[in-house]
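Number of protein chains: 4
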Amino acid sequence: MANLTVTYFSNCLRRNTSFKMFIPNDPRYDWPPIENEYTKRPTKTLFLLHGYTGDGDVWVNPMQCAEYNVAVVAPSGENGFWLDGISTGHQFATMLGVELVDYVRKTFGLAKTPEDTCIMGLSMGGFGALHTALMFPETFGKCAALSSALIHNEVADMKEGSGNEVANYEYYRECFGDPSKLKESVNNPEYLIKQLKEKSAKFPEIFMACGTEDFLIENNRKFHAFLEEEGVKHTYVEGKGIHDMVFWSEYAAKFIPEMFG
Amino acid sequence: MANLTVTYFSNCLRRNTSFKMFIPNDPRYDWPPIENEYTKRPTKTLFLLHGYTGDGDVWVNPMQCAEYNVAVVAPSGENGFWLDGISTGHQFATMLGVELVDYVRKTFGLAKTPEDTCIMGLSMGGFGALHTALMFPETFGKCAALSSALIHNEVADMKEGSGNEVANYEYYRECFGDPSKLKESVNNPEYLIKQLKEKSAKFPEIFMACGTEDFLIENNRKFHAFLEEEGVKHTYVEGKGIHDMVFWSEYAAKFIPEMFG
Amino acid sequence: MANLTVTYFSNCLRRNTSFKMFIPNDPRYDWPPIENEYTKRPTKTLFLLHGYTGDGDVWVNPMQCAEYNVAVVAPSGENGFWLDGISTGHQFATMLGVELVDYVRKTFGLAKTPEDTCIMGLSMGGFGALHTALMFPETFGKCAALSSALIHNEVADMKEGSGNEVANYEYYRECFGDPSKLKESVNNPEYLIKQLKEKSAKFPEIFMACGTEDFLIENNRKFHAFLEEEGVKHTYVEGKGIHDMVFWSEYAAKFIPEMFG
Amino acid sequence: MANLTVTYFSNCLRRNTSFKMFIPNDPRYDWPPIENEYTKRPTKTLFLLHGYTGDGDVWVNPMQCAEYNVAVVAPSGENGFWLDGISTGHQFATMLGVELVDYVRKTFGLAKTPEDTCIMGLSMGGFGALHTALMFPETFGKCAALSSALIHNEVADMKEGSGNEVANYEYYRECFGDPSKLKESVNNPEYLIKQLKEKSAKFPEIFMACGTEDFLIENNRKFHAFLEEEGVKHTYVEGKGIHDMVFWSEYAAKFIPEMFG
Numbered sequence: 524m525a526n527l528t529v530t531y532f533s534n535c536l537r538r539n540t541s542f543k544m545f546i547p548n549d550p551r552y553d554w555p556p557i558e559n560e561y562t563k564r565p566t567k568t569l570f571l572l573h574g575y576t577g578d579g580d581v582w583v584n585p586m587q588c589a590e591y592n593v594a595v596v597a598p599s600g601e602n603g604f605w606l607d608g609i610s611t612g613h614q615f616a617t618m619l620g621v622e623l624v625d626y627v628r629k630t631f632g633l634a635k636t637p638e639d640t641c642i643m644g645l646s647m648g649g650f651g652a653l654h655t656a657l658m659f660p661e662t663f664g665k666c667a668a669l670s671s672a673l674i675h676n677e678v679a680d681m682k683e684g685s686g687n688e689v690a691n692y693e694y695y696r697e698c699f700g701d702p703s704k705l706k707e708s709v710n711n712p713e714y715l716i717k718q719l720k721e722k723s724a725k726f727p728e729i730f731m732a733c734g735t736e737d738f739l740i741e742n743n744r745k746f747h748a749f750l751e752e753e754g755v756k757h758t759y760v761e762g763k764g765i766h767d768m769v770f771w772s773e774y775a776a777k778f779i780p781e782m783f784g
Numbered sequence: 524m525a526n527l528t529v530t531y532f533s534n535c536l537r538r539n540t541s542f543k544m545f546i547p548n549d550p551r552y553d554w555p556p557i558e559n560e561y562t563k564r565p566t567k568t569l570f571l572l573h574g575y576t577g578d579g580d581v582w583v584n585p586m587q588c589a590e591y592n593v594a595v596v597a598p599s600g601e602n603g604f605w606l607d608g609i610s611t612g613h614q615f616a617t618m619l620g621v622e623l624v625d626y627v628r629k630t631f632g633l634a635k636t637p638e639d640t641c642i643m644g645l646s647m648g649g650f651g652a653l654h655t656a657l658m659f660p661e662t663f664g665k666c667a668a669l670s671s672a673l674i675h676n677e678v679a680d681m682k683e684g685s686g687n688e689v690a691n692y693e694y695y696r697e698c699f700g701d702p703s704k705l706k707e708s709v710n711n712p713e714y715l716i717k718q719l720k721e722k723s724a725k726f727p728e729i730f731m732a733c734g735t736e737d738f739l740i741e742n743n744r745k746f747h748a749f750l751e752e753e754g755v756k757h758t759y760v761e762g763k764g765i766h767d768m769v770f771w772s773e774y775a776a777k778f779i780p781e782m783f784g
Numbered sequence: 524m525a526n527l528t529v530t531y532f533s534n535c536l537r538r539n540t541s542f543k544m545f546i547p548n549d550p551r552y553d554w555p556p557i558e559n560e561y562t563k564r565p566t567k568t569l570f571l572l573h574g575y576t577g578d579g580d581v582w583v584n585p586m587q588c589a590e591y592n593v594a595v596v597a598p599s600g601e602n603g604f605w606l607d608g609i610s611t612g613h614q615f616a617t618m619l620g621v622e623l624v625d626y627v628r629k630t631f632g633l634a635k636t637p638e639d640t641c642i643m644g645l646s647m648g649g650f651g652a653l654h655t656a657l658m659f660p661e662t663f664g665k666c667a668a669l670s671s672a673l674i675h676n677e678v679a680d681m682k683e684g685s686g687n688e689v690a691n692y693e694y695y696r697e698c699f700g701d702p703s704k705l706k707e708s709v710n711n712p713e714y715l716i717k718q719l720k721e722k723s724a725k726f727p728e729i730f731m732a733c734g735t736e737d738f739l740i741e742n743n744r745k746f747h748a749f750l751e752e753e754g755v756k757h758t759y760v761e762g763k764g765i766h767d768m769v770f771w772s773e774y775a776a777k778f779i780p781e782m783f784g
Numbered sequence: 524m525a526n527l528t529v530t531y532f533s534n535c536l537r538r539n540t541s542f543k544m545f546i547p548n549d550p551r552y553d554w555p556p557i558e559n560e561y562t563k564r565p566t567k568t569l570f571l572l573h574g575y576t577g578d579g580d581v582w583v584n585p586m587q588c589a590e591y592n593v594a595v596v597a598p599s600g601e602n603g604f605w606l607d608g609i610s611t612g613h614q615f616a617t618m619l620g621v622e623l624v625d626y627v628r629k630t631f632g633l634a635k636t637p638e639d640t641c642i643m644g645l646s647m648g649g650f651g652a653l654h655t656a657l658m659f660p661e662t663f664g665k666c667a668a669l670s671s672a673l674i675h676n677e678v679a680d681m682k683e684g685s686g687n688e689v690a691n692y693e694y695y696r697e698c699f700g701d702p703s704k705l706k707e708s709v710n711n712p713e714y715l716i717k718q719l720k721e722k723s724a725k726f727p728e729i730f731m732a733c734g735t736e737d738f739l740i741e742n743n744r745k746f747h748a749f750l751e752e753e754g755v756k757h758t759y760v761e762g763k764g765i766h767d768m769v770f771w772s773e774y775a776a777k778f779i780p781e782m783f784g
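Residue numbers (my numbering), protein chains in the order written: chain A, 524 to 784; chain B, 524 to 784; chain C, 524 to 784; chain D, 524 to 784.
Be aware that a few hints might be false.
[To be verified] Pairs of lysine-lysine residues, derived as BS3-like cross-links and limited to a Cα-Cα distance of at most 25 angstroms, are as follows:
| id | chain 1 | residue 1 | chain 2 | residue 2 |
| --- | --- | --- | --- | --- |
| 1 | B | 682 | A | 704 |
| 2 | A | 543 | D | 543 |
| 3 | A | 704 | A | 720 |
Read the hints as simulated data drawn from the structure, not as lab findings.
Next comes chain A alone, as it looks inside the complex:
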């Protein structure tokens, strides 16, 4: 398997940026070589999103991805909540869902269909995985959201001068846009869902997981309830666990076969 660090110029960010990538090689260039029903077909792609405080890193098991012939693309989204913010160059959603998809498909010849293009994230990246797949459902056929920071309703209630223990009001405004307009903004996954329903558009397959001891469990339960109410088909699981890599490794390993098997 090939491990890559790629630096390229992003128009959405208006600057050079780097991402990590893993490509399962042709069995001839791998040790031990993997050859099965999956490795005969074009390589699929998993976009992998980090959380707040993190940066682009391949936190799934490369051997498991190689088994399903899945390339992993792990961009750095800083702490931008994987959204298109209000200032020039602060366009993480479009960078991810349009630019990076196009770039890696062209540069590495990866599969181009939505069913072969999946997105998974943890915490802030779980929010990002849901949001990106709902914003670009013709691109991403499946998304997996682990311990997701589904904080859009809290943010929508923020007033100038407020904020929380994580960050100030300006930070949230920068990422999500004017909080007072978030209810009806494309930065709000609930709004995107309502729009998709209105247009009778195809939804991505949705996989969600959260630990029962995670401080974000209520946010995840609420979003699960919202999906139920809206009649959006999805997989939702809870398991023993907190907001840590132990939980994410376990559920990433469970969702990868469901997405690519």
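Fit chains B, C and D to the supplied structure of chain A, relying on the hints for placement.
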């Protein structure tokens, strides 16, 4: 010489971030080995700032730095103008002038005096080099500013809804803070100079260069004039050239011996 | 924690070479920060050796190393069996045990005592960990050898034109020197042990582990028996497992607290 | 442009190995964007070989390569003279001329014709560029050899126990095979030339340059004379210069347009 890519957690940015680094090795671990009057003393440091659209990269000649026993630290400042912005985690000036200096000194045992700690940048990084050295003059003894984007006076005049061909108002507000308050802000190098004079504080040594065909030449001439008016000692040179790496390579090579020789 | 890729000139290899490194940061530069009885003392070092077909990579858990304030240095030894071979530049043992130790201590200010300098490896790297610690017992206080390729007795029996399914005679000659002289060569860990006993020199602490289903189990049992016969104190454990990362992760996690706790 | 570090498993070397790569991006992912007659056609490839003591590094000007839409692949060949040696895994020529070409074409979709696949090297890499192109003339349409270490005739004269100031006999035997058989070995570029003539095979285009003050000038003049004698068409230039990067940068910049223009 050692070429490093270092990833660490930055408190100022509230996330993992990477920088590139070059360390001149002990002559025993270099080929060809360099041994002279400089290599006997503790290794000095040059912080190297990229411009708008760029990212952390060692754009000076490592061989020349090795000759003067100078380590190069090239952080990524995104398009943040190397300033402390208004939102949580948007603190590039403090990240650079406090955190990164402390981090690399501790991790790599570099010289700790201001005369052995210099900063150089190009374009947006030229602005950053001047600003950082003026904000932390007890840390940085010398700064070299090439083709500097000294746009603080334009930014100070911006009104909500405005902006320019490079970026929108929100971007400038995010980097510089409220433009209407920039005249008397620590993000304004002219304000920092007035403050240093008031406190009779020591100034860093200042080296400036700009190409006569550079679109930023007038901004550089104005800042040079401002320094003259204020009686701040500095070196200012103009040379044939535009806003490109040819000019920056030439003047970096000229200023390195002046700063470290 | 800092993840580094370092390129430097090795005199032993006569060329530029790269290694990976992990440094636990000062708690102020880590997220989440770790602070305990270990993080107050100078940072210790674990040299980590890969197996045949591998290259330098941090295959231990960085979080566990950070807890014990241990920096990890993972050099690339190609398929050289971590030995000083017969041709110019083929000096992996001295590169590792003399040059690299000195280089990383000087560059990163790591602890200098043998009890704070340990070495661990898997497969060919398990052989290397034992061999290096026995060759430089004043440098390495402890070694951990996982599923070690203790093939020195097979190699000693090889004749010109022979070899095995892994590699040809020339390969073994290149790594181990003339097989017919291997019985009494510093490339033979058994010979090193006899020499240390003769000189009544201090032995490194030895930790060994091998999976009961590993194809190298008999080689490990024989070396264990040899250590018993020679009266060399050591820890030897067998566990369910084969020659794979599952076994190595489990036993690395067990030996790290024993070496650094 | 994309800068890559790629790690993959090489069957020829029997281990993981890394190479550096530069890919000129689609103009949409570049800043400043380059668009001309070349950027419309499939991306060409330049394999770039380092010298003795070096390792894989992009030592040509990426901007110039981007102009001609040329990807650069810079493998690490250790000090192996880019030849297939005698021991298992010591197969740098086949790694380069068969495996790596196939791997990068497949992974990055590069042009597949010999006229779009060129090879250039300096010193030991100059020898390698000539040798590889002559060994695989159906793959490499053009080669550029700078200050080449054309030492095959010296090596052919070496006896057991001899060697020179650079390395011992064992080293040369490891790289070139039994010196006494080198006259009629595929590791000898003169032998390859005679074979190509015998088979009336197509030759690669050959570009050679050497500095008049280079310690290898006589070796280059002799090989030039040999090519003349054999009636092999080639470009041979001498210029003021020694065995250093100044000369190599100058002549790389001259040969790139001749190879790709």
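- Message: Can you confirm whether the C-alpha distance between residue 704 (chain A) and residue 720 (chain A) stays at or below 25 angstroms?
- Response: holds (21 angstroms)
- Message: Given the hinted pair residue 543 (chain A) and residue 543 (chain D), is their Cα-Cα distance within 25 angstroms?
- Response: holds (14 angstroms)
- Message: Holds or violated: residue 682 (chain B) and residue 704 (chain A), Cα atoms, limit 25 angstroms.
- Response: holds (22 angstroms)
The structure shown violates none of the earlier numbered hints.
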